[in-house]
Every structure is written in structure tokens, then in C-alpha cells.
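Enquirer: Line by line, the protein sequences give chains A and B. The opening residue of the first sequence carries number 199 in our numbering; numbering runs sequentially from there. The opening residue of the second sequence carries number 8 in our numbering; numbering runs sequentially from there.
Honestly, the hints are just simulated from the structure, not real lab data. Any given hint might turn out to be false.
[As the list claims (entries may be wrong)] Below, computed lysine to any residue pairings styled on SDA-like, alpha-carbon distance capped at 25 angstroms:
id, chain 1, residue 1, chain 2, residue 2
1, A, K475, A, F512
2, A, K475, A, K560
3, B, K139, A, R254
4, A, K453, A, K488
5, A, K475, A, E446
6, A, K560, B, L101
7, A, K488, B, L101
8, A, K475, B, I50
9, A, K453, A, F512
10, A, K560, B, G49
11, A, K564, B, P53
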Amino acid sequence: MYDVAAAHAPALSAAILLVAFGWCFLQVLRILARRRLLQTAILFVTAFDGALPMTRLAAALMLASGAIHLALVPGHAGITGVLFVIDGLGFIALGVAAFLTSWWRRSAVLWLVATIVAYLVWIIAGWETPDQIGIACKLIELVALGLVMRLAQPGRRTWPRRIWRAVAFPVLASLATFGIWVGGLAHPDALHAHAGALLQPVAPVATPEQREAAARLLSDTRASIARYRDPAAAIAAGFKPGPVSSAEPLRHFEKQANANAVLDPERPQALVYAQTKHGLQLIGAMYQMKRAGQWGPDPGGPLTQWHQHEGICFSPFGFEFSFETPFWTCPVGSTSITTPPMLHVWIIDNGKEGPFAADLDKTVQKQLQGS
Amino acid sequence: MSIKSPAVAANTAPSAPEIASVLVVTQASFSLVAGLSAIPFGIVEPGFRALSLITILIAIGMFWLARNLRRQRRWARRWVIALEVLSLTASLLLMLLPIGAMRGPVPVLVNLVMPASVLWLLWSRSGRAAFKKAA
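Only chain A is shown next, with the shape it has when bound in the complex (with noise of 0.2 angstroms):
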């Protein structure tokens, strides 16, 4: 579900850059210093070397935040844009001021929950795709947002400012992570048919051809599943039953020795049965390759779409699924999974939907349920 952005790749180069040169800058300070040559390098080397770990620590995050924002600029035009460029700056400064005023601290706090809630605003807005970048820039503050809180001189210790401290950044922290989620579970881009299923790219019309192969592909895997109509019948040519689940009325009947098989009517990897009243009934067959990310030839275009399930917590006790929450963390017992690709197809009037969609169409699955 969530990618690494195509524009926002730079970012990660800016990052690993950004780490270099700061290495490379404290050593030409190191220098400067310890021949006299520049009083403000004495004077950064020296409260440098005097500051806490932790200090150096949310400075350097801060640094690598403002690094990915400048880096980002290229690809955000208009106000977002603009955005990024106050926002790198700002934090650049803010990481140098870290070591050379005592009035950091705050303004620091301030920039990075601005920064924070304004990245939740545009997610939720849909003016931005959360991608990993983006989220793991936001980690990156969170983490700094943290250090600098801790920073603080405690106050005076009463009871409602000892409650702020503990709970403040793990509200926040938790709130970024839900305000990130429903951003994107609210606008999916045009890759994913559903929260957790991203779509093969594909042209957007399909040519005669590949009308006519669409055809083919449904009526040559409608022909070749029928001797499967019963479920023992299947079983008996060597497909597995899958696990049986109340969340999913759809029950696959697997065969292994199909997995090499690429879209082959003949042997298809997967069968698909709809749990009924009357018992299990054929719906389709399931076409799917090796390995996550390789996607199987599309005779059909953008008619033969195929999908692959990403950003999914599963649980082997039970056989149960979840979605995984932006920063990949999954309830424990349970862990992050990419499915290869599959291509689902239905043999049955699959409504608006269509032959070869991700999904049984809802209103399809609830005549099935319910006949």
C-alpha cells in the first residue's frame, strides 16, 4: 500500500548525502578550530563537543528532515512547494541553532509538530500520496520531536504537567500514525483497487486484440475448471482446500504442483468456491506467479489486470488477515506479507465488476451467500 514514490526517490540520496557532508563539515570546522583560522568555527567545534548525545542526535535528525524536504522541492510545485522549501530551511537552521542558542529547544518543538499535522492535513486532504518517504520523514521527526522533549528542564513538577510530559509525543505519535493511515486508506491511488491490492499498470483502453484474448482467456478457463464443479473433484486432481474463515466467504482450493504454470488454463494455481447454502459452488479460477512484484502477462490489457495483496498482517493462528499500519507495525502473533501477483477469474456473471476483477462484485457475492 504504501511505495516509494517515483518523485520522491531523491530524497533517499539526499538523506545519505546529507550524512557525508556533515561529517565532512565538522572535520573542515575540526580544522579551522584547532588552527584559529574562523572564531565561529571555535565557537561551533567547541559547543559541538559540549553537547549531549541526544542533542546531537535530534539535530542531526533534524538536518536529515530538512535534507529530504529541500530534496523534495523539485517534484511538489505551488504552495507545497514553497512549503518544503520554509520547511528545510528551518530545519537546517534549527539543527545549527541547536548548538549555539539555548532558545532552540522550543521553536524546535514547534516546527516539528507544525510539520507533522500539516503532513497529516495535506494526507487527509488528498493534496499528497503517503508514500515511504514521506512517512519515514515523519518518523524521523517523530523520533527528533521525542529527543527534543526530553531535552526540556522539567518544570515545576505538579501533577497535570508530569501527565502532558509522559502522554504528550505517545498521543502524537499515535495520532500521526492513524491520521497517515486514514489519509491513505481514504485516497487510494489509481493502482490500488482496495486498501492492500495494488493493480499491474496497464494501458488505460484495450485494443481488438486484446478484447478478443480476454475472451479467450475466460471461456478456455471456464471450459477447463468445469470438471471441478465438484469440490471433490478437486481435491481428488490434487488441490488443496484453503482454510476455512468467517471473514471469507470465498474458499480457495490450492494445488501446488501448479506453481510453475504461468496462465494456463489448464492448470490454473488456484480454484475458487463461494460458500453458499447448497455448499460450495465453482465461481472461478486463480491464476498467480512466483514471487511478489513479477507480474504475469496481460493478454487482455488492461482487461486482464493482474494484483498482488500488500500491506496485509496475517496471522497463520486461525488463518486470519489484517492491515498493516504505515509505520509496518503488525499485532503481535501476526506479520507483514506481499502476495505474488494473481489474476482472479470468474466464471460466473460477475456484475459490474467484470470477469477478471481483483473482487467478486459485493452484490454477487451476496446473491451467492444468501441462494
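Got chain A; can you put chain B on it based on the hints?
Expert: Using the frame of chain A, we list chain B on its own:
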């Protein structure tokens, strides 16, 4: 020439336990959200009811451990080390499986870099010294 860093005027508690506690609080917040977000799935998936509850309890425990790390309690250091070793080992093992558990910078930062940093901070000479002094 003697210049005192303005930062020294701030909280002067040993840095290693303080930084480690901030990282543990961040991890605990993420776990808390993971636990809370699994509750709706628990309505139809009974397994996730238990998993979400366990995750929330572990997150609360991590907040408590972080608080005691700051207070330089040795038992908290031992518990955090045990939890982070477990988490790091699980993440490394999952990386070996072809299930796409680690794709991109965020999972690497959260599931590898953060636990490894906490371990390094608590195992480092200054980290050990901070807890020895407190004892």
C-alpha cells in the same frame, strides 16, 4: 577559551537510557496503534481479538519499561534487551522468507534500525555505565 554548550543547560541525565526510552516509546506507540487497529477485524476474526488485546498489553508494558529505562532501573534494561532481541531476530528471520515482509525504508527503519539502535544504546559502554551508576 571555554564555551559551555547551551544544550548542557538542559536535561543532563545520561543520554543512552534517555534516547533508548524515546525509541521504546515510539515503538510502543506504533504497537498500540497496531493493536487498536486490529480490533475491528476481531469482530469477524476471533484470532485477531486475542492478538489485538495481547498487542495492546505489550504496548502498555513497553511504555512502562520506557519510563523505568529513564529512571535507570536495571530490570527494565534487561526486559527491553530481551524484547528487542526477540523483535530483531523475528524481523531478520522474516526477511529470509519470500513474503515481502521488508520492502522499502520504513520497515527497515522500524523493524531493524530502531531495535538495533536500542540494543546498541543499552549495550554500549555509556549505556552499561548509566545503569551501573544507578544501581
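Enquirer: With reference to the structure, classify each hint as holding or not holding.
Expert: We went through each hint and held it up to the structure:
1. A:K475 to A:F512: Status violated; Cα separation ~28 angstroms.
2. A:K475 to A:K560: holds, 17 angstroms
3. B:K139 to A:R254: holds, 24 angstroms
4. A:K453 to A:K488: Distance ~13 angstroms between K453 of chain A and K488 of chain A Cα, so the pair holds.
5. A:K475 to A:E446: OK: K475 of chain A and E446 of chain A at ~15 angstroms, within 25 angstroms.
6. A:K560 to B:L101: violated, 34 angstroms
7. A:K488 to B:L101: holds, 18 angstroms
8. A:K475 to B:I50: holds, 22 angstroms
9. A:K453 to A:F512: holds, 21 angstroms
10. A:K560 to B:G49: Within the cut-off at roughly 21 angstroms; holds.
11. A:K564 to B:P53: holds, 22 angstroms
Taken one by one, the earlier hints fail for this structure at numbers 1, 6, listed in ascending order.
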